[in-house]
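Take the sequences, apply the hints, and build the full model.
Just so we're aligned: 375 in the UniProt record's numbering is position 375 of the sequence shown, and the numbers increase by one with no gaps anywhere.
Do not take every clue at face value.
[Said to hold, decoys possible] Restricting the straight-line Cα-Cα distance to at most 30 Å, the calculated cross-link-like pairs of lysine-lysine (BS3-like) are:
1) Lys266 to Lys162
2) Lys275 to Lys237
3) Lys275 to Lys306
[What the hints assert, rightly or not] Pairwise CB distance ranges (calculated):
4) Val71 to Glu168: 48 to 58 Å
5) Glu259 to Leu87: 37 to 47 Å
6) Phe34 to Gln267: 55 to 65 Å
Hint data in this document are derived by calculation from the structure and do not stem from the laboratory. No residue lacks a Cβ here, since even glycine has one placed at the ideal position from N, Cα and C.
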Amino acid sequence: MLARIIGSSIFILLFLSLEFYVFYGLKGHFKDQFKLWMKISYWLSAAAPVAWLFFMGPAASAQPLSNLQLVHHLMIGIWVTLLVTKLVYAGFLFIEDFYRFTHYGGQQLAKLKDAEREVNLQSRRTFMRRLALFVAAVPFASFLYGISRGKYAYTVDKVKIKDPELPEAFNGLRMVQISDVHAGSFDNREAVAKGLQMIQDLEADLIVFTGDLVNNRAHEIVPYIDLFANLTAPLGKFSVLGNHDYGSYVRWPSDAAKEQNLDKLKQYQADMGFKMLNNSALVLEKEGQQICLAGVENWGHGPYPKEGDLAGCFGEENNGLFTILLSHDPTHWRHKVLEHPQKVHLTLSGHTHGMQLGVKIPGFQWSPAKWRYKEWAGLYEELGQRLYVNRGFGFLGFPGRVGMLPEITLFELTKA
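What follows is the structure in structure tokens.
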């Protein structure tokens, strides 16, 4: 309890410091034009999202697919957008204030300032305020786009995998991966349907889903079961569990209720036509040649569930086969997969979302996710084994995507 009080006090102090700093920066920019209604609007926009998250957040989180949760997601979006915008704006003001203090502070204390220096100082201050306002408009516009359009701006990333150990019969195999649906966050069924139709239009031989179907509760996926069921692939549709699928981030009346929720989720996966590979594997055969498709439950480094068990996947029946592994958390690859006796040629993961924030252009990508994960998006290779981290189909927490757009990955496997 004490830790919570201290944490809340620190948050409030930092919040008020930032808000007052930005407020007086804007006041100096607008001067006499900073009317009363503008002041009221500023403080309402600052206080309303924070008050909502503190007092209504728990209730909204407990009611997925409700109007209350939609408002909750909107408030998160407003708060994050304004926070990032104000941090950028305040950053420029702070640079100017620091410069003024270090360059003019001593002279002012010694009473050496003159009228010319004062004019230059005010001119510089005005320029920096305008520059701060201009630069801060960039993240503001970007985040608004991410909330309104970016979260459903599905992209198809085409990845070619060349491997000499791929059986000739599977040369040219087309496989689609999606990950991190987080159905409880969706607020536009039509947009989701368009994204899934993009998958169907790729005419893949195989469709795989690498976990986090929901945020917490199985029934979040119910409005979309028919859409996912419409996906077809000649070799089948396969999936695994992600950390959110266990329902571990909400309170349940009993352990039995939590387990029942997981059972429902597995049934809904079956209703959608996905065969779950939870610590198991199967052999795909074509023209008398075989490959192994394996999948594990979630295994994540740190505080995440460690239910994944590679031992349950591999045995004499698939020993030595070209192997594709579905594993939700990419940290599993470095901590367990690379060192396993059975060579896994290609591991498919998700989980990171690319932090739903970053920059991705041809030849370059960056996201704050790289500070948390060594492998956070795209293709990695080590010891003759590959890992691909999908940025996710849905979104969680912040109701948008800025730079890191939702991803549908199309793999083409060829024999090198």
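Here's how the hints hold up against the structure:
| no. | hint | in the structure |
| --- | --- | --- |
| 1 | Lys266 to Lys162 | 33 Å, violated |
| 2 | Lys275 to Lys237 | 6 Å, holds |
| 3 | Lys275 to Lys306 | 21 Å, holds |
| 4 | Val71 to Glu168: 48 to 58 Å | 56 Å, holds |
| 5 | Glu259 to Leu87: 37 to 47 Å | 42 Å, holds |
| 6 | Phe34 to Gln267: 55 to 65 Å | 58 Å, holds |
Violated hint: 1 only; the structure is consistent with all others.
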